[in-house]
Structures are given as C-alpha cells and as structure tokens.
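Chemist: Each chain, letter by letter, is given below.
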Amino acid sequence: MDPLLRIVDLHKRFGETEVLCGIDLEVPRTQKLAIIGPSGSGKTTLLRCINYLEKPTSGHVYIDGTLIGERQRNGAYVHLSDRELAKERAEIGFVFQRFNLFPHLTALANVAIAPRRVLGLGQQEAEARAREMLTKVGLGHKFDAFPERLSGGQQQRVAIARVLAMQPKLMLFDEATSALDPELIGEVLRVIRQLAEEGRTMIMVTHEIQFASEVADRVIFMDEGRIVEEGPPDAVIRNPSQARTRAFLTRLSER
Amino acid sequence: MIEFLSVYRQHFGEWVPELLVASIGTLQLMALSFMLASVIGLVVALMRVSRSTLLHAAAVVYVEVLRGLPALVILFLIYFGLGGIGVEWLKFTSYQAAVLGLGLQGGAVLGEVFRSGIEALHLGQMEAALSLGMTPATAMRWIILPQAGRIVLPPVANYAIGLLKDTAVCAIIAAPELMLRAKDIASSSFRPMHLFVLAAVLYFIMSYPLSIVARRLEARLARAR
Amino acid sequence: MPVAAPKFWAVFWAKLPYFLSVLLGAAGTTIKVMLGALAVALTLGLVVALLKLARLAPLRAVANVYIEVMRGTPALTQLFIIYFGLSDLGIDIPPVPAAIIGLGMNGAAYVAEIYRAGILAIHEGQVEAALSLGMTPIDAMRFIILPQATRVMLPPLCNYAVSLLKDTSLASVVAAPEIMFFARQLVTETLLSMDIYLIVAVIYLSMSIPMSRLVAYLERARRAWQ
Chain A
1 MDPLLRIVDL HKRFGETEVL CGIDLEVPRT QKLAIIGPSG SGKTTLLRCI
51 NYLEKPTSGH VYIDGTLIGE RQRNGAYVHL SDRELAKERA EIGFVFQRFN
101 LFPHLTALAN VAIAPRRVLG LGQQEAEARA REMLTKVGLG HKFDAFPERL
151 SGGQQQRVAI ARVLAMQPKL MLFDEATSAL DPELIGEVLR VIRQLAEEGR
201 TMIMVTHEIQ FASEVADRVI FMDEGRIVEE GPPDAVIRNP SQARTRAFLT
251 RLSER
Chain B
1 MIEFLSVYRQ HFGEWVPELL VASIGTLQLM ALSFMLASVI GLVVALMRVS
51 RSTLLHAAAV VYVEVLRGLP ALVILFLIYF GLGGIGVEWL KFTSYQAAVL
101 GLGLQGGAVL GEVFRSGIEA LHLGQMEAAL SLGMTPATAM RWIILPQAGR
151 IVLPPVANYA IGLLKDTAVC AIIAAPELML RAKDIASSSF RPMHLFVLAA
201 VLYFIMSYPL SIVARRLEAR LARAR
Chain C
1 MPVAAPKFWA VFWAKLPYFL SVLLGAAGTT IKVMLGALAV ALTLGLVVAL
51 LKLARLAPLR AVANVYIEVM RGTPALTQLF IIYFGLSDLG IDIPPVPAAI
101 IGLGMNGAAY VAEIYRAGIL AIHEGQVEAA LSLGMTPIDA MRFIILPQAT
151 RVMLPPLCNY AVSLLKDTSL ASVVAAPEIM FFARQLVTET LLSMDIYLIV
201 AVIYLSMSIP MSRLVAYLER ARRAWQ
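Chains as they are written, first to last, in this note's numbering: chain A, 1 to 255; chain B, 1 to 225; chain C, 1 to 226.
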C-alpha cells in the first residue's frame, strides 16, 4: 500500500539561497512524525511545500500515491494555480504558528465556513460539525466568541478544530505552540496528543522536544536544508548518533 | 451688511426653492457617480492584486491616468472630445458625461482605497483560507473582502464628501446641478455674491452630515485596533 | 469620423507646433497659480493649525469653523465668490490673484490638518526627553520635533501639491490664462476638440505623474526610516 505522503528529491530555492537541498521522505498512514532542527533549517518550508503554500523549485509530492500540486504537460511538470490546488488542499490540514483565525467570524463560524463553502455542506450540517469539533477541543462554551476575545491557547484550539472539521487525511502542525505564552502551551499540546492517540497521520514541526519524544513515532532532525538524522524518538532524541543533532539538543536544553 | 442681508429676505422665496431642486440634481449626480465609481473601483482593486501581469498593468495605468488628470479635463474629454468626433452614440448629454467622468475618476480613487484595504490584511488570512481548500475566489468573497470592507469605510466616506464637491465642476459642462443653477440665477438677477454664498451654504448643509459620519467611522476604526 | 481623412491629419500635424506653443506657454501660468496657492496654503495653514492648537477656546473655534467651511464647500464655489462675488461688492480682483487666493484659502484648511497630524505624531515623551537633557524648547523644536514632523508631513503635503496642480484647471472659469482656458479657446477656433483635449491631458499627466512618483518615493523612504 502506498505511504500517505511521499516526497521525492524536494528542492526549494529563495532567490540565491537554497533552503531545501534534496529531501526524500515517506510517511505511512497513522504515523506521527516530528521534525526538529535549528531555525533556518528549512523545516517550515518543507511543511509549507507539502500543501503547496510554497511551490518547490524541483521535486515531487505524492499524497496517497497521487502527484499533487503539479500536472504533466508535454512531458514537463507544471505547477497548478491556487484555484486548482484548492481541491487537494482540502484534504490536508495545516495549523499555523500564528493561528490565522478569521477575525470577522465567531469561533463557530470560523470552524463552519470551510465545510460550508468548500465541501458544500448545508448551513445546519456545517454548524453541527463545527460544534462537535469545538467541543472536542474543549471550547464547547465559546461558540459565539470572536477571536479577539480568546486567549492564544484558545485561538489555536479553534484553529485546530477548523482543520478537523474538514476531516483531512493528513495534519500538518507548523510550530503550533511557538507563539503561545508558556502557561497556554499545555492546553494545545493536550489536544494534539489526543489527536495522535486517535490514529491520525500527523507531521509536527516543533521545538517542544519533550512533547515530541512522547507523542511521535518517528523524529527527523533537519539542518541546513537536509535531513541529518531520523529514527524513533529513543534514538534521535535520547541517543543521537550525529554530532550536529547532539549539538542542537544540548543548545536547546541549556536555554 | 444689513442691505446685503435684506436682499435675501426679498428674494428668498424665489431663489431657495429653485436651488433646492437643483440640489436634488446634485445629490442624484453624486449617487450615480458613487455607484459607478464603487463598481469600477472594486474591479480595479481586484485587477491590481491579481497575479496576471496584464491585469495588474492595466489597472496601474488606469489609476495613474485618471488620478493624474483634473476632473475638468476628464469631463471635457468625454463631453466635448468624444462628442466632437462625430459618432452618434458618443454624443453624451452633459448629465451622462458628468456621471461617467466623475465615476471613472472615482473608480481610480476607490480602486486604490480598496486595494490598500485588501493589502492591509495579513497574508496569513489568505494562506489560512487557501489551506482549508478554498479557491482564491472563495477566499476573497468570504474572508478577505468582508474584512477589507470594514477597513475602507472611512476613506470611502471621505471620498464621498469630495465627490459631492466635485459635482460643482460639472456646472462647467452645463450639467444640471446646484452650481449651474446658482450661476444662472446670479446672471439674471445680477446678484452673484448672494447666490454663490447661498449655494455655498447649501453645499455645506449637504456635506456636513457626511463629514460627521466619516469622523465617526474613523473613530470607530481607531478604537477597534 | 474625420480621423480617417489624410487631409485632416496633415492639418493637425501642421498645427501641432502652434497648439503646443500656446498650451505650453499657458502651462507657465498654471505653475504660477499652483505655486502661489501653495505658498498661501502653507502659510495660512500654519496659522490655522496653530489656532487650532491654541489654549483659548474662541481661537480654536475660529480655526474649526474655518476648516469646516473650507472643506465643506466646493473650491469652485469659493472661487466664484472671490472673483464674481467680490466684484459685485465693488472689490475687483484680477483672475490670477483671485485663483491664487481662492485655491490657497481652500488649501489652508487641508494643510492645517496635515500640520496638526505631523505635530501630534511626535510623542510627548520625546519633547520631555529633549527638555530634560537640557535642551531649550527652541533646540528641541529644531533638532527633535521638526525633523521628524517634516518626514511625516512631506508625503501628504506633496499629495496636496499634486491635487492643487489639478485644481488650477478650475481657474479657467475665472478667466485665468492657464492651460484649460487656452485649450477652450483653441477648440472654439479649430473645432478639434478631441485632439486638443488629448494634448491637454498629456500635458497634465506629464506634470502630475512625476510628482506622484515623488510622493510614492517619499512614502517608501519614510517607512524605511521608521
């Protein structure tokens, strides 16, 4: 059976700088993958290439065996437009570091809008699903709140509910807790852990090494656009074989 | 001074009703131009932010040209210029030329206003919408434009006030509005000062409520930040 | 459409130098009116701005009424009042000065607001810091407030100058010998309305577009500095 996600020789260049230098990756169904590494290592760019918020300079991305983001025309590969990408993106959930909730909509409306306008659900159905997801993340009492009235942790949970309402095959978390005050991180990590236990396929870019080691099945350490080391948390985090991995983890624990 | 004011008492009954009727013409002209300008402005703004270099360039040229010309020149080009070519359907009446001219220029002004409203929104909003699987069009319709609309209300209100005053320029191509009427009565009664001051008062009465609204909108937006 | 006739074009090209000489000559008056009105607006605007920031309520009221009235009535009406209205009362003002005064007084209301915004943009804390470092108020004004305020005020002032350039066309109705005035005369002579007004449009654009570019450049420079 095809892995859920397959990335083949992915390169990404921004102007003069090459940020991703040939990434190959396979993620089977139900795997929880954590990506760690220093800033500038390309982790976020890699994640954004998966749902094509960034268009790779070269290389391919396959979801469930199907090539996404590109079409073949006369033997050459051509990137799809945002309009054509919409369908593919609906199956991938992306949780942003800065939440990116829609400020003019209540929490309920934030979660219901995509099922309504993208999946074509009726108003009642979409709102029922939204209520279910918001309750699931512990915000059943905040349906009518606007984002500005919610704490950072609450906003991020709404953002997660918003993604869940689309029933995605794959969930991507881009440093989901990095923009949160320390005391709010816990509530979000709890939700992510719960999702992990439900058997979802998840890729998490994170600085929460402890959390990663508890929740992830597999950890990847990236540096300077390349995968330096990968394996189960026991190996990569507790017993890294590469010097660079060790250096990074030591620096982090010193903070 | 007293003599000056007594002239008003004499002629009040004949001047004011005529000028009030003409004011309605002014308001109508303003309303029509405003609607035309809003439609054009929205189109121009969307062209400006689109990825197509052709649309983007066309919008830039449109805005530069129409904002770089005096309203009077635009009106003359439409009324006398197009009218003088000899093609029947281009012979606009002065009223049509006025609406068209003010609307086209307003489209350029509002185009820039709408564009800055759209661009004021964080890129993150668009990305969030796209990653949920929305097409750019859907994202514009439900996420970007509703928010941008709120942001642009104060400058749009200010534009409306300017538009009201610009209708006066249409008197020069003899469009039926307040200034033209005032000019006509002034020449037939030989009382230019009285008539023009009266016209000024009427313009003020029309624009003042708008400026209060504009100021309230600005205050509300400032508070919401 | 006469444009197809080759004879028409021959006549047009033959007359073009004449048209240009008339219109570009008139551009001189346009610029004169613009600079004159700008000077009036900048000075009168400063007075009004200071009045608005005055401590005495009546002074503030005068400034507010002035601004409301000037901004609440069309510039054209104001020009008519100054040129036709005053002459009716026995005060005859020639076209160009009337245009300069009219547009200048109108502009003063806008400029006053720009000055106010510029002064308010400087944090009070900066003045306090300057004074507690031992600067005299005049020093503080020279070295701290004015440089920053100027940077804030320059783009809107240049924007105002561009709109003033376009407003000079209104002076044609009070017979000021600027571009539109001569253009209308040429059209009456030659009946080549589209052509003449297109030339006029090009002349205005060639003045206003560089000015707008300058404003955009100043805006970018200001944002970079901030």
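Source of the hints: derived by calculation from the structure; they are not laboratory data.
One should not assume that every hint holds.
Calculated lysine-lysine pairs in the DSS-like style (CA-CA distance at most 27 Å, straight line) [said to hold, decoys possible]:
1) C:Lys-166 <-> B:Lys-91
2) C:Lys-15 <-> B:Lys-91
3) A:Lys-87 <-> A:Lys-55
Chemist: Where does the structure disagree with the numbered hints, that is, which hint numbers, in rising order?
Modeler: Hints that this structure does not satisfy do not exist here, as all of them hold.
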